[in-house]
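S.K.: Chain B: place on chain A using the hints.
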Amino acid sequence: EAQVTQNPRYLITVTGKKLTVTCSQNMNHEYMSWYRQDPGLGLRQIYYSMNVEVTDKGDVPEGYKVSRKEKRNFPLILESPSPNQTSLYFCASRASLSSYNEQFFGPGTRLTVL
Amino acid sequence: AQSVTQLDSHVSVSEGTPVLLRCNYSSSYSPSLFWYVQHPNKGLQLLLKYTSAATLVKGINGFEAEFKKSETSFHLTKPSAHMSDAAEYFCVVSGPSPGGSYIPTFGRGTSLIVHP
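These protein sequence lines are chains A and B, in that order.
Using our numbering, you'd call the opening residue of the first sequence number 1 and step up by one each time.
Using our numbering, you'd call the opening residue of the second sequence number 1 and step up by one each time.
Please note that the accuracy of each hint is not assured.
To be verified - List time: in silico DSBU-like cross-link candidates among lysine-lysine, alpha-carbon distance up to 35 Å: (1) Lys71/A to Lys58/B; (2) Lys17/A to Lys71/A; (3) Lys42/B to Lys68/B; (4) Lys17/A to Lys65/A; (5) Lys42/B to Lys57/A; (6) Lys65/A to Lys18/A; (7) Lys71/A to Lys42/B; (8) Lys18/A to Lys69/A; (9) Lys57/A to Lys58/B; (10) Lys69/A to Lys58/B; (11) Lys58/B to Lys65/A; (12) Lys42/B to Lys69/A; (13) Lys69/A to Lys57/A; (14) Lys71/A to Lys18/A; (15) Lys18/A to Lys42/B; (16) Lys57/A to Lys17/A; (17) Lys58/B to Lys17/A; (18) Lys58/B to Lys69/B; (19) Lys68/B to Lys17/A; (20) Lys68/B to Lys58/B.
It is worth saying that the hints were derived from the structure and are not from the lab.
Since the model is a prediction, treat every value here as computed from it, not as a measurement.
Here chain A stands alone, though its shape is the one from the complex:
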């Protein structure tokens, strides 16, 4: 089954404790991205990757890191989480850069930073 998986689905942590949210897709997609969803703000892009070893900032990159060492994986790293990073996070992939391609979303990771 074609899908995007994220882990963990739920995470409660404390300020400053490094964490990683994993994302994997099995569709051989070139393009992957991370979003955060906050009430009333819709989805805002954090980082995206156009292919292996090619990443770039989205609209709200501060406090986040990503890497793309393999085509299928695109982990999101919070080196020193803060309470304002409490949010619902989605990973997404699409076949290529073409604007015609829709995105496939993971199920989401709900992060709480105390």
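M.R.: This is chain B only, laid out in the frame that chain A set:
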């Protein structure tokens, strides 16, 4: 530059009545437009997309949307609402950025409430 405005944060309808979710967009190029649906505690699922072919686009679950370039709109409609349609709906515009990376822009979402 591109932007998208969903004109209603909440829409409330009775089961069996028509649904209209409004979306206006702005883009320097001919964009692709999408509607996604998010059910509670779920990820986003594609409802339909416009990619410069037919201006009336049919999607899943009886939804359709019409691209109107003169009005820069892409409103989502359904003739008869069902209780299972209650969800959050996102309009998305995707066109080339100055760097050519086609970063999509999401609207803030419209919450559809369906009353029995």
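S.K.: Check the hint pairing Lys68/B with Lys17/A against an upper bound of 35 Å on the C-alpha distance.
M.R.: Measuring from Cα to Cα gives roughly 49 Å; hence the hint is violated.
S.K.: For the pair supplied as a hint, Lys18/A and Lys69/A, confirm whether the alpha-carbon distance does not exceed 35 Å.
M.R.: holds (20 Å)
S.K.: Taking 35 Å as the top limit, are the C-alpha atoms of Lys18/A and Lys42/B close enough?
M.R.: Holds - the C-alpha atoms of Lys42/B and Lys18/A are around 26 Å apart, at most 35 Å.
S.K.: Checking one constraint from the list: CA of Lys69/A to CA of Lys58/B, max 35 Å. Satisfied?
M.R.: Outside the cut-off at roughly 38 Å; violated.
S.K.: Quickly compare the C-alpha distance for Lys42/B and Lys68/B to 35 Å and report which way the hint goes.
M.R.: holds (30 Å)
S.K.: Decide if the proposed pair is consistent with the structure: Lys58/B and Lys69/B, CA atoms, cutoff 35 Å inclusive.
M.R.: Holds, at roughly 17 Å.
S.K.: Quickly compare the C-alpha distance for Lys57/A and Lys17/A to 35 Å and report which way the hint goes.
M.R.: holds (23 Å)
S.K.: Under the criterion that the straight-line Cα-Cα distance not exceed 35 Å, is the pair Lys58/B, Lys65/A satisfied?
M.R.: violated (38 Å)
S.K.: Between Lys71/A and Lys18/A, does the CA-CA distance stay at or below 35 Å?
M.R.: holds (24 Å)
S.K.: Are Lys58/B and Lys17/A close enough, with their CA atoms no more than 35 Å apart?
M.R.: Cα-Cα ~47 Å, so violated.
S.K.: Holds or violated: Lys17/A and Lys65/A, Cα atoms, limit 35 Å.
M.R.: holds (14 Å)
S.K.: With the threshold set at 35 Å, check whether the alpha-carbon distance from Lys42/B to Lys57/A stays at or below it.
M.R.: holds (25 Å)
The earlier numbered hints that this structure contradicts are 10, 11, 17 and 19.
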